[in-house]
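Engineer: Let the sequences and hints guide you as you build the complete structure.
Chains as they are written, first to last, in this note's numbering: chain X, 473 to 828; chain L, 473 to 828; chain A, 473 to 828; chain W, 473 to 828.
In short, the hints are calculated from the structure, not lab data. Careful: at least some of the hints might be erroneous.
[Stated by the list, open to error] Think about it this way: if two alpha-carbon atoms lie no more than 25 Å apart in a straight line, the pair counts; the simulated BS3-like pairs of lysine-lysine are:
#  : chain 1 : residue 1 : chain 2 : residue 2
1  : W       : K534      : X       : K732
2  : A       : K724      : W       : K641
3  : W       : K774      : X       : K774
4  : W       : K673      : L       : K522
5  : A       : K613      : A       : K548
6  : A       : K736      : L       : K522
7  : A       : K641      : W       : K700
8  : W       : K825      : W       : K739
9  : L       : K548      : L       : K477
10 : X       : K534      : W       : K732
11 : L       : K774      : A       : K774
12 : L       : K547      : L       : K477
13 : L       : K724      : X       : K641
14 : W       : K736      : X       : K534
15 : A       : K569      : A       : K609
16 : W       : K534      : X       : K774
17 : W       : K774      : X       : K534
18 : W       : K774      : W       : K475
19 : X       : K736      : W       : K522
20 : W       : K522      : X       : K774
21 : A       : K700      : W       : K700
22 : A       : K732      : W       : K673
23 : X       : K724      : L       : K700
24 : L       : K774      : A       : K522
25 : L       : K724      : X       : K700
26 : X       : K700      : L       : K700
Number of protein chains: 4
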Amino acid sequence: MDKIKVAILGATGMVGQRYVRLLSNHPWFDISVLSASSSSVGKKYGEIVKWIIEDEIPENVKDITILPAEVEEMKKEGVELIFSALPSEVAYDIELKMAEAGFTVVSDTSAHRMDPDVPLVIPEVNSDHIIAIEEQKRKRKGIIVTGPNCTTIGLAISLKPIHDEFGIKRVLVSTMQALSGAGYFGVPSMAILDNLIPYIKNEEEKVTKEILKILGKYENGFKFANIKIGASCHRVCVLDGHTEVVFLETIKKATPEDIKYCMKNFKGEPQLLSLPTAPLQPIIIREEPDRPQPRIDRLSGKPERAKGMAIVVGRIREELALDNGIKYILLSHNTIRGAAGNAILIAELLKAKNII
Amino acid sequence: MDKIKVAILGATGMVGQRYVRLLSNHPWFDISVLSASSSSVGKKYGEIVKWIIEDEIPENVKDITILPAEVEEMKKEGVELIFSALPSEVAYDIELKMAEAGFTVVSDTSAHRMDPDVPLVIPEVNSDHIIAIEEQKRKRKGIIVTGPNCTTIGLAISLKPIHDEFGIKRVLVSTMQALSGAGYFGVPSMAILDNLIPYIKNEEEKVTKEILKILGKYENGFKFANIKIGASCHRVCVLDGHTEVVFLETIKKATPEDIKYCMKNFKGEPQLLSLPTAPLQPIIIREEPDRPQPRIDRLSGKPERAKGMAIVVGRIREELALDNGIKYILLSHNTIRGAAGNAILIAELLKAKNII
Amino acid sequence: MDKIKVAILGATGMVGQRYVRLLSNHPWFDISVLSASSSSVGKKYGEIVKWIIEDEIPENVKDITILPAEVEEMKKEGVELIFSALPSEVAYDIELKMAEAGFTVVSDTSAHRMDPDVPLVIPEVNSDHIIAIEEQKRKRKGIIVTGPNCTTIGLAISLKPIHDEFGIKRVLVSTMQALSGAGYFGVPSMAILDNLIPYIKNEEEKVTKEILKILGKYENGFKFANIKIGASCHRVCVLDGHTEVVFLETIKKATPEDIKYCMKNFKGEPQLLSLPTAPLQPIIIREEPDRPQPRIDRLSGKPERAKGMAIVVGRIREELALDNGIKYILLSHNTIRGAAGNAILIAELLKAKNII
Amino acid sequence: MDKIKVAILGATGMVGQRYVRLLSNHPWFDISVLSASSSSVGKKYGEIVKWIIEDEIPENVKDITILPAEVEEMKKEGVELIFSALPSEVAYDIELKMAEAGFTVVSDTSAHRMDPDVPLVIPEVNSDHIIAIEEQKRKRKGIIVTGPNCTTIGLAISLKPIHDEFGIKRVLVSTMQALSGAGYFGVPSMAILDNLIPYIKNEEEKVTKEILKILGKYENGFKFANIKIGASCHRVCVLDGHTEVVFLETIKKATPEDIKYCMKNFKGEPQLLSLPTAPLQPIIIREEPDRPQPRIDRLSGKPERAKGMAIVVGRIREELALDNGIKYILLSHNTIRGAAGNAILIAELLKAKNII
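Structural biologist: So this is what it looks like as structure tokens:
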């Protein structure tokens, strides 16, 4: 099988680097184009990227010349699939332009997430939403499929099996989010050392809206889930890995053991299809009283290619202050499962379904 | 007025050091005895303490010789008031022995907090609970008065004006607690750098029980408050200052402005009595979207002597996922307001009421 | 005595904030003008500054309206003395313009430090260099006096008594510098958490050149000291306080006790003149094997106004790998003694000498 | 080929965990015995170890039952080779007892490092010193071979090619060492956050003595190298990876390019023999001005099995303050190259030379 040629837009940022690393030896996809801001165009990726993730920059991308995010450039290189990790201020227009030109765009950005014809997908949770692209196809040659915000993804995966089995009435989530979520230059060291910042701009709004779209249904349009959800989002001094404290009320009474059981056994379409980047088990349960911990657990997930793709849940307890109350802690890697990894899994799903 | 001679038990630990500093130039109290573990007895305080808080060790305590925590030693030195920051495994017996010998014991430890005749006091919140000592006096010559857990104190202060004005039905709290709460050796650097620990042993149990005693009434025994409360407690990489994320339901509907108003205007008996360590305003409201932050706000409180005695509240918002829902962030200094400072304020209250 | 009206240029940066705090209740100087980048002009200081140092922003400066760094504005407000904490790219021209207009400019910036007629002053070390302003006066109405780089200052103070007493032949210094030295946005948290950066641009060059000017003589021009000096400069994850490891060779043999003695007894003109911001003892010696430590020792210095103005030296040992070898560790607060505090001490010296 | 059965003494500590991970799928060695403190004996490794290094605890060691460090236990299990990561207070006697009983002991501990018949080996640097075991064999049935202190190892590797080519007269080293070097509980978070500690007990003495033994010769006894060496050792807030700042004088003049060239081309016996854990290139040169950095560079080394076995050198510059002066920065992983990895490489060397 010939590999599919892909482009990465926003390839030098932190999520861009994750794409490069995860795709550098991918069995189905082949990096053909790397795009970055205009000041980098024409230079070699290895010269301009400030590589900061684990392992070294893959040899086979070092010499790729940065191209502008132009339709013509993509066509010239034979690109079929475009991953977008663009800065939000430019993402809306460029992603749309690419889709109109016929490309399949899989995006991490928030630009088109809430569009009424754009699926917002976590492959294990709502792969059936992909059908919404049919509506897009009536409007343009290509399609846009989006992945949710990094905080939404872990939360939605953890809620999905509970919602299916017991119904969720109400969720309150309090987060402790990693620095990489704000980008390399996002949080000055002077701001966060011996400190935390109890605020992340627009994050609470994104999480609460996106969850309802994801856990809802698509039936000639998105029907949002009927769940009450509230969030309070905070930045802590951790490099990678968002930790979330979840309090919830189920409709049908569930014990902590029930919750643990349904999480442990949860599998989605990526597992059934054995997609390359799918973790064998999307939710890993830790039994120790003091886990999950970001530094220790953030790269969970098997096989090797799915490292950082599993979420880790611990401390599942009854919450007596709520009716049918449950509380637990969850951790997900914000730039792998929460961004590039999820998008690649979406692309693998599209490929497996012959959409690309 | 002659100053009252006081002893500090457990004087070398982190809370012990806070006592030493706050009492080193106190207008009413005079440090006469410093007590520590048997290996330190007979040595000078300045030689054995590993002083780590702001400012240097006060000159006037450096040469005090460590004494054992014995009744006879206290009597010989003319001590009237004993502050206990003892390790929990020995606190129960020693505090009781001291009270039986006639001393007034003010304790930070958890040993006697839930005893049916022992008041658990935050002077601004439930100074009227002190009447419970009458029952103790029927049993022994001296008395024990306790202060709550460091996490409980900030939370209880923030809830008090809301509970008085609107009634609280339900509270869920998620904490991000400082390292000093675990003691100097409590959290290895290898455990917490680039990490957080989503668990603090027994903390959730303490907070939920203590809040109900404090917000309850004393009428021939403690009547616990009728509030549903749940907690999830976590350690983050911050030196001092516990941050708490509070979600709550009021009985009477309240807007964020209502909550802000009643917090801002909240005053307790320490403010009315102008006690030396009382902050002019027990709750400071920050209007910035990203405050309170522990490193910047933990030493809030005026005048100078009350630094670290005010709690700081920010981000008061409506929480639509709860009925009559409100959410906010609070910060309190865990070893000042959350321990030594609160205990000193209790002692000042006892003195102002002529109990000592 | 009427206070002298001063302006602070670059008042919103980290060094600017130190100036504001140290001058907010100064006995001789009165803040009349605060200047910052053009986007802030016309706004109130309290609204635009991102205040991050200890204590709150002083009440009496909150409502000062930011003015542009223009000669006319200074004159209109009756300013006599100008402190410059300007960004280096604009400092050269603005400082010169102000001096030409007749103002006394005391600057922290590197712009004019090495000018042949500009004294580079640490008041305890080379107050006699101020005479170089006579040469400036022949060229312009006002004068420029500069303070050295933050790393240079601590090092020079520690070397001065040794050089006077024993002569220094050779110095090698390896630094561990604080984050605030790079400015609030200088070091991203992603760059430094669980890390260090073994490089600070231009720092080694500045330190080695400046030391020789400072320890040299002024005799119709600056005669640089004849010392061999090498430096390697590194950034570590510490908020404030530069630590320096010094290896040196003396000309006359000195024991560690000799070095300790001459450092302990070192005093300069600020001490003799009892200048307001002068520390009683410019060099504090710590005897503990593991001191100085930045978090614990960086605010050393008495009286209260001189906190952060003393440098702290520890671990003075013989270095057998050098002839007449000595090694020690020194710590100085990089934005107080290393910047704003040193500049204020210079201004106090100019005032005491009736130059302003 | 049958694998050699090995025991790890002190298997639960941080270096012990590195041994377990590096040996869990070793081509020549097979973990037969894990030994730890008496309180762990009889329990399963997976139950008692507080696993904190990257990746999860290897499946094949989880169920190994902890045995005491007794000769009989080793014999019963058919052990031939013993790796010791014992606490220093017990290492001396147990290692000697094991050697006397006929085992080959490869030790990381300092106990026997300076013994006159014990080789102190970095396989790339002084594999010829292994001949000293002949003297041991005259005294006892087994042998002890030791690896140096973690700080010594990186330094010695970097000095070796320079010393061979140009001769080294004098070395001054200033270190910034990682927390893991002190063991998991070694440095409390309260001690090091926003701080550094400019002292590591006994470290400077170890480094300076060990270097001279390693760079010396063995000719009927160890002849120490004739180099003047001084050290100042400091702890910084970094999890893994010791950074060292090296100033040195060569006998023959060398340019930075000369130094770079000889380092880059340096190879030792492990490379010639293609030992499994040998890095292809023992010294990696980074050309960027701000490298090496511990978080980014500490796992350098190829192939996969040799990750963390290469040292990384950067910023090689002329040092004008010394005659024939050179300075550079080096980084080595303190628990891999600096401990377990070096010891395993020693064992591989012994095996390749048919000593085991």
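Engineer: Are the hints correct? Go through all of them and say.
Structural biologist: Going down the list of hints, with the structure as the test:
| no. | hint | result |
| --- | --- | --- |
| 1 | K534/W x K732/X | holds (24 Å) |
| 2 | K724/A x K641/W | holds (23 Å) |
| 3 | K774/W x K774/X | holds (23 Å) |
| 4 | K673/W x K522/L | holds (17 Å) |
| 5 | K613/A x K548/A | holds (18 Å) |
| 6 | K736/A x K522/L | holds (24 Å) |
| 7 | K641/A x K700/W | holds (18 Å) |
| 8 | K825/W x K739/W | holds (18 Å) |
| 9 | K548/L x K477/L | holds (11 Å) |
| 10 | K534/X x K732/W | holds (24 Å) |
| 11 | K774/L x K774/A | holds (23 Å) |
| 12 | K547/L x K477/L | holds (11 Å) |
| 13 | K724/L x K641/X | holds (22 Å) |
| 14 | K736/W x K534/X | holds (22 Å) |
| 15 | K569/A x K609/A | holds (14 Å) |
| 16 | K534/W x K774/X | holds (18 Å) |
| 17 | K774/W x K534/X | holds (18 Å) |
| 18 | K774/W x K475/W | holds (23 Å) |
| 19 | K736/X x K522/W | holds (24 Å) |
| 20 | K522/W x K774/X | holds (22 Å) |
| 21 | K700/A x K700/W | holds (19 Å) |
| 22 | K732/A x K673/W | holds (22 Å) |
| 23 | K724/X x K700/L | holds (20 Å) |
| 24 | K774/L x K522/A | holds (22 Å) |
| 25 | K724/L x K700/X | holds (20 Å) |
| 26 | K700/X x K700/L | holds (19 Å) |
Hint check: no violations occur; every hint is consistent with the structure.
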